[in-house]
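*Asks:* Single-letter residue listing:
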Amino acid sequence: SQKIEQNSEALNIQEGKTATLTCNYTNYSPAYLQWYRQDPGRGPVFLLLIRENEKEKRKERLKVTFDTTLKQSLFHITASQPADSATYLCARATGGGNKLTFGTGTQLKVEL
Amino acid sequence: SAVISQKPSRDICQRGTSLTIQCQVDSQVTMMFWYRQQPGQSLTLIATANQGSEATYESGFVIDKFPISRPNLTFSTLTVSNMSPEDSSIYLCSVDERESTDTQYFGPGTRLTVL
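Quick note, the sequences are listed as chains G and C, same order. Mind the numbering: the first sequence is residues 1 to 112 in the numbering used here, read in order. Mind the numbering: the second sequence is residues 1 to 115 in the numbering used here, read in order.
Same shape as in the complex, but just chain G (with noise of 0.2 Å):
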């Protein structure tokens, strides 16, 4: 089966300090992943997108790289704010159309 996995254990960072998180998937390569934020209480919000083809992408403060690899996803947030402290969420396509698989997600704190 496809698996997404992330590191369950939360992350806690300084303000200003670049936040990475990780997240590794089993089998094949998916043809993309995506990263959700989720606040507790709401759904995920979509953030990024990466495919296969592409080694990084950025927008803002967060940057995603795709390693086809290692089958790792690197996910950095920049400059990190006590604003960024949520649960973020990898997912990959899975079979064809829309399925999403996610991972579990990793907290993320961001302290003064």
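Simulated from the structure, these hints should not be mistaken for laboratory data. Backbone N, C-alpha and C define an ideal beta-carbon position, used for all residues, glycine too. Hints are not guaranteed to be accurate.
Unchecked claim - Straight-line distance between alpha carbons at most 27 Å, and here's what the computed BS3-like set of lysine-lysine pairs gives: (1) Lys3/G - Lys65/C; (2) Lys57/G - Lys7/C; (3) Lys7/C - Lys99/G; (4) Lys99/G - Lys3/G.
Claimed, not checked - Beyond 12 Å from chain C on every Cβ pair, some chain G residues (computed): (5) Ile13; (6) Gly16; (7) Glu56; (8) Gln72.
We have chain G; now place chain C onto it with these hints.
*Replies:* For chain C alone, kept in the frame of chain G given last:
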């Protein structure tokens, strides 16, 4: 981006009863998805609902337990039938983004507690 609302936002139900969750989108969409997020777990896809056809269920989920309706392009319902405490979870609907089928927008979720 699509704006999605769900009703109810939360409910506490007795074992053996059923609850119907509504999902409303502010634009017409082809595909709608229903997910379950159990406490401390990630999202698990229950089924895909296309207008005008039967919903497609994922392994481990059956229509008798989770009947779904999709009467038009902006609305869907998910019923959790004959509930047990194991059904306590957050239920979320999502839709594909219009210009691209690769991203999804999620509703706020329905928090269900079964006693």
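*Asks:* Confirm or reject each hint.
*Replies:* Now for the hints, and whether the structure bears them out:
Restraint check: the Cα-Cα separation between Lys3/G and Lys65/C comes to about 25 Å, which is no more than 27 Å; the hinted pair holds. Among the hinted pairs, Lys57/G with Lys7/C is inconsistent with the structure: their alpha-carbon atoms are about 36 Å apart, more than 27 Å. Restraint check for Lys7/C and Lys99/G: satisfied, since their Cα atoms lie roughly 24 Å apart, inside the 27 Å limit. Taking the CA atoms of Lys99/G and Lys3/G, the gap is near 13 Å; set against the 27 Å cutoff, the hint holds.
Residue-level check passed: Ile13/G sits 22 Å from the nearest beta carbon of chain C, beyond 12 Å. Residue placement check: Gly16/G keeps its beta carbon more than 12 Å from all beta carbons of chain C (closest about 29 Å). At roughly 18 Å, the least C-beta separation between Glu56/G and chain C is larger than 12 Å, which holds for a residue marked as non-interface. Here Gln72/G stays apart from chain C, with its beta-carbon at least about 18 Å from theirs, past the 12 Å limit.
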